[in-house]
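2 protein chains.
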Amino acid sequence: MTKPLSLPLICRPDREGEEPLAVQLYRDLLAAIRDGRLGQGHALPSSRAAAGELGLARSTVTVAYDLLRAEGAIEMRRGAAPRVVTAPVAPGPAVAMVPRAVSGRGARMARNPRRETGPAQGVMAPGEPDEGLFPADEWARALRRAARRRHGGAFAYAEPWGIAPLRRILSERLRADRGIAAEPDRIVVTTGTQGGLSLIARLMTEPGERAAIEDPGYLGARVAFEGAGLVPVPVPVDAEGIVVEAVPRDVRLVYLTPSNQYPTGVRLSHARRAALVRTARETGALILEDDYDSEFLWRGREIAALSAEAGGGEAIHFGSASKVLAPALRIGWMVVPGDLVDPVRAALRNQGLMANLHAQWALAEMMESGRYRAQARRIARAYEGRGRALCEALGPIGGLSVRPPDGGVQLAVRFDDGRSEEAAIHALGRGGFRPARLSAYCMEAGARGLVVGFADATPERIARFARILGTDG
Amino acid sequence: MTKPLSLPLICRPDREGEEPLAVQLYRDLLAAIRDGRLGQGHALPSSRAAAGELGLARSTVTVAYDLLRAEGAIEMRRGAAPRVVTAPVAPGPAVAMVPRAVSGRGARMARNPRRETGPAQGVMAPGEPDEGLFPADEWARALRRAARRRHGGAFAYAEPWGIAPLRRILSERLRADRGIAAEPDRIVVTTGTQGGLSLIARLMTEPGERAAIEDPGYLGARVAFEGAGLVPVPVPVDAEGIVVEAVPRDVRLVYLTPSNQYPTGVRLSHARRAALVRTARETGALILEDDYDSEFLWRGREIAALSAEAGGGEAIHFGSASKVLAPALRIGWMVVPGDLVDPVRAALRNQGLMANLHAQWALAEMMESGRYRAQARRIARAYEGRGRALCEALGPIGGLSVRPPDGGVQLAVRFDDGRSEEAAIHALGRGGFRPARLSAYCMEAGARGLVVGFADATPERIARFARILGTDG
Chain V
1 MTKPLSLPLI
11 CRPDREGEEP
21 LAVQLYRDLL
31 AAIRDGRLGQ
41 GHALPSSRAA
51 AGELGLARST
61 VTVAYDLLRA
71 EGAIEMRRGA
81 APRVVTAPVA
91 PGPAVAMVPR
101 AVSGRGARMA
111 RNPRRETGPA
121 QGVMAPGEPD
131 EGLFPADEWA
141 RALRRAARRR
151 HGGAFAYAEP
161 WGIAPLRRIL
171 SERLRADRGI
181 AAEPDRIVVT
191 TGTQGGLSLI
201 ARLMTEPGER
211 AAIEDPGYLG
221 ARVAFEGAGL
231 VPVPVPVDAE
241 GIVVEAVPRD
251 VRLVYLTPSN
261 QYPTGVRLSH
271 ARRAALVRTA
281 RETGALILED
291 DYDSEFLWRG
301 REIAALSAEA
311 GGGEAIHFGS
321 ASKVLAPALR
331 IGWMVVPGDL
341 VDPVRAALRN
351 QGLMANLHAQ
361 WALAEMMESG
371 RYRAQARRIA
381 RAYEGRGRAL
391 CEALGPIGGL
401 SVRPPDGGVQ
411 LAVRFDDGRS
421 EEAAIHALGR
431 GGFRPARLSA
441 YCMEAGARGL
451 VVGFADATPE
461 RIARFARILG
471 TDG
Chain G
1 MTKPLSLPLI
11 CRPDREGEEP
21 LAVQLYRDLL
31 AAIRDGRLGQ
41 GHALPSSRAA
51 AGELGLARST
61 VTVAYDLLRA
71 EGAIEMRRGA
81 APRVVTAPVA
91 PGPAVAMVPR
101 AVSGRGARMA
111 RNPRRETGPA
121 QGVMAPGEPD
131 EGLFPADEWA
141 RALRRAARRR
151 HGGAFAYAEP
161 WGIAPLRRIL
171 SERLRADRGI
181 AAEPDRIVVT
191 TGTQGGLSLI
201 ARLMTEPGER
211 AAIEDPGYLG
221 ARVAFEGAGL
231 VPVPVPVDAE
241 GIVVEAVPRD
251 VRLVYLTPSN
261 QYPTGVRLSH
271 ARRAALVRTA
281 RETGALILED
291 DYDSEFLWRG
301 REIAALSAEA
311 GGGEAIHFGS
321 ASKVLAPALR
331 IGWMVVPGDL
341 VDPVRAALRN
351 QGLMANLHAQ
361 WALAEMMESG
371 RYRAQARRIA
381 RAYEGRGRAL
391 CEALGPIGGL
401 SVRPPDGGVQ
411 LAVRFDDGRS
421 EEAAIHALGR
431 GGFRPARLSA
441 YCMEAGARGL
451 VVGFADATPE
461 RIARFARILG
471 TDG
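Protein chains in written order, with this note's numbering: chain V, 1 to 473; chain G, 1 to 473.
Just to be clear, a hint being listed does not mean it is correct.
Claimed, not checked - Label pairs and their in silico Cβ distance ranges:
1. V/GLY418 / G/ALA181: 34 to 44 Å
2. V/ARG15 / G/HIS426: 50 to 60 Å
3. G/HIS426 / V/PRO184: 27 to 37 Å
4. V/VAL341 / G/GLU16: 28 to 38 Å
5. V/VAL231 / G/ILE397: 28 to 38 Å
6. G/GLU75 / V/VAL243: 14 to 24 Å
7. G/ALA120 / V/ARG77: 24 to 34 Å
8. G/ARG371 / V/ARG403: 52 to 62 Å
9. V/PRO396 / G/ARG371: 51 to 61 Å
10. V/ARG430 / G/ALA164: 24 to 34 Å
Worth flagging that the hints you see were computed from the coordinates, not collected in a lab. This one's a predicted model, so the numbers in the text were calculated from it and none came from an experiment. Using N, Cα and C, we set each Cβ at its ideal position, and we do this for glycine too.
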């Protein structure tokens with residue numbers, strides 16, 4: 001048994017401190033136990049004696065001792081002094097630290113090809129909607145109503161695959177607007193297309209299998225596939241969209257953007273749609289249709305989704321509120337074949353891909369009242385004007401091919417004259433612009449050029465962008 | 001060249017229909033092309049002739065033809081009749097459908113052990129906070145302010161790992177309340193602990209590796225590990241918490257709930273904490289500390305988090321707003337070692353585990369103003385009373401062991417008398433209760449009993465629960 005230690009050497013409670021005195025005392029004592037100043041077997045003064053030594057109330061000391069005992073750091077027996085029962089933690093004979101790093105699988109999950117697309121800051125970046133068009137007041141009111149209502153099971157862990165009212169109105173809208181006949185039970189609400197793609201990629205495949213993507217194509221799909229340990233297989237894109245004959249027969253998944261190919265803006269032809277569904281039927285490949293901006297195409301909104309033709313479970317349809325409202329709402333949806341509903345729901349919950357409850361309610365309300373559709377039309381009009389203006393400004397510049405887009409928030413500019421992407425990106429970046437290099441979206445395709453966002457393209461910005469590209473680019 | 005077909009046989013535009021006449025016409029024609037009534041090479045009447053035949057405006061027909069052409073279904077040459085250029089899709093020689101099913105990996109991701117824990121409906125379910133205590137008006141106001149402000153980059157895809165103001169205040173709170181010194185850059189905001197666990201499990205391991213979990217332990221961790229293809233290794237829990245000596249040296253991850261072991265309610269002793277950190281240092285295992293309800297422990301809140309002792313990157317700390325506010329907000333956070341920040345951020349975005357922007361703002365504001373902490377205290381008081389009342393009511397029933405919990409929203413009731421879990425669950429389920437069977441949380445541990453939630457435990461419910469368990473259970 002060691003002699004009781006003088007407490008004021010260890011404990012310096014600060015009456016002005018933020019923490020209660022008992023907690024300060026507890027922390028000081030624990031620190032001393034950890035670093036060996038109060039070794040195993042060491043006796044502490046009784047609470048009465050300690051209170052006297054430190055000038056504290058006895059109850060303060062009692063609380064501190066109780067905390068130490070609750071953690072197993074000291075033991076208190078009736079009639080005996082409290083005693084330290086824990087050995088010091090001090091590294092002693094220094095323990096070599098084994099370094100921790102992500103695994104090979106982890107490294108594939110953490111790829112960041114977006115970093116190489118262009119400058120980190122600036123305007124007219126591809127894929128980004130205009131915050132100025134966000135219906136902030138309306139959304140604020142809808143959120144307020146959503147937060148104030150009682151949600152029952154949905155407040156906790158019920159229906160992680162999406163609240164019923166949202167799935168119901170999505171079912172109606174997908175039928176009317178996209179021609180997809182999907183009962184609400186086949187609709188799964190997610191945190192957005194990226195989460196849905198990465199979930200489905202893993203759920204439906206084994207590592208090492210192959211998955212087709214458009215080339216050039218959406219980076220999010222490539223990282224989702226690579227993160228799932230799949231081998232992405234590039235398939236060329238021409239004026240009719242993805243070249244279906246070039247889709248290998250052994251791929252397990254085929255990802256595409258049929259309404260408005262990302263980033264070229266081409267629409268998949270009817271013949272190709274039919275051929276792709278037939279191929280999927282024959283090979284068992286699953287089609288992943290990313291319908292990312294169909295809600296504000298300004299031409300061709302009437303054309304049904306590819307999934308509308310795939311009646312037999314050949315396709316999963318992905319949509320989101322990211323472009324009509326905001327990416328940061330983190331709401332998307334999938335339409336999944338009936339026999340995949342149970343596994344998708346369970347995996348969604350296990351992977352934590354659930355959307356925020358109040359945002360789901362607000363979205364359901366906005367869709368129900370027709371204001372979501374009105375908002376989609378409103379921004380389609382705005383973006384159409386900006387997209388056309390950008391096209392017109394770039395058209396006269398020699399050596400570029402620009403195709404007027406049918407929708408979306410970005411367009412691809414091809415360099416036909418061998419000019420350098422790097423030089424163009426550099427010059428535009430210095431001007432405060434954030435276009436992406438077209439080659440960053442390519443795997444085997446040799447396309448060179450820029451992908452330029454126009455959601456935030458003011459006339460002044462467009463003129464300046466064209467001027468830079470026409471001279472320094 | 002085929003003869004022009006009589007359009008009224010194919011098209012029946014409905015003037016009362018919801019869709020524009022041009023869209024109806026387009027759809028009818030496309031259907032006829034698909035099923036072969038309008039075969040490849042078939043000529044369509046001129047727009048003027050078609051308008052006459054159908055009694056429509058010529059511009060209506062022109063729009064429909066434009067849509068068909070945009071899709072590549074027909075071609076239109078100056079001076080010639082529009083002609084079908086697409087072959088029918090009709091399955092022809094019926095193509096056998098290859099069935100699609102989840103892969104072996106997918107089946108592991110979609111496990112649903114929660115289904116077997118007890119009844120699907122009812123009150124006093126474990127882990128569920130009381131919606132009646134949710135500060136709805138306050139949250140509604142905070143959301144409204146959040147929706148109305150301008151967010152800049154965070155409106156789109158910037159900082160998917162969490163907005164800076166939230167990470168800043170979390171850093172302060174974790175330091176003051178949990179003793180963790182983590183700069184804001186090491187904090188990553190997620191959709192909650194489940195998403196974070198499943199992300200980290202995959203990021204840090206290869207399939208087939210081993211991961212330790214408490215036995216009995218939290219089901220969410222088990223499904224996260226199984227979903228990552230890991231082998232969960234059960235480690236016993238005694239009165240001091242997880243038995244650290246029993247943690248195998250070859251595990252890559254050790255998951256635990258040190259503040260309030262789930263579901264037994266035991267607190268990990270100081271000696272065990274120190275031993276676990278030392279083991280992790282030696283073996284390179286990564287500790288996953290789930291601090292799921294430390295904010296409303298009613299005893300021992302002053303005890304620092306385990307991660308506070310692990311200064312060298314041995315641990316990741318997980319917290320969430322699920323219990324103090326609501327699970328359905330889908331907000332959680334992780335504190336990750338500095339050299340894992342970049343890969344965790346990239347993987348988080350690639351996997352789509354981002355939290356809703358407005359909820360992040362509202363939470364940051366509530367934490368900043370001190371109202372989050374006040375709310376935690378408020379519900380701690382409420383839950384403490386309910387938990388104690390439940391303990392007192394169950395105490396006198398023979399054959400049960402009940403330990404008064406130090407916090408949380410559930411407690412474990414052990415059956416010492418060999419009574420049947422099934423019978424108890426059945427009787428309580430009929431009474432409208434939804435306890436879980438304790439054995440569902442066990443892998444090798446032989447514990448039998450119930451896990452009972454008390455967040456929504458009214459005196460009437462408690463009395464009825466005890467009555468059923470005392471007689472029929």
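Tested hints:
no.	hint	verdict
1	V/GLY418 / G/ALA181: 34 to 44 Å	54 Å, violated
2	V/ARG15 / G/HIS426: 50 to 60 Å	58 Å, holds
3	G/HIS426 / V/PRO184: 27 to 37 Å	32 Å, holds
4	V/VAL341 / G/GLU16: 28 to 38 Å	35 Å, holds
5	V/VAL231 / G/ILE397: 28 to 38 Å	60 Å, violated
6	G/GLU75 / V/VAL243: 14 to 24 Å	19 Å, holds
7	G/ALA120 / V/ARG77: 24 to 34 Å	49 Å, violated
8	G/ARG371 / V/ARG403: 52 to 62 Å	53 Å, holds
9	V/PRO396 / G/ARG371: 51 to 61 Å	58 Å, holds
10	V/ARG430 / G/ALA164: 24 to 34 Å	26 Å, holds
Taken one by one, the earlier hints fail for this structure at numbers 1, 5 and 7, listed in ascending order.
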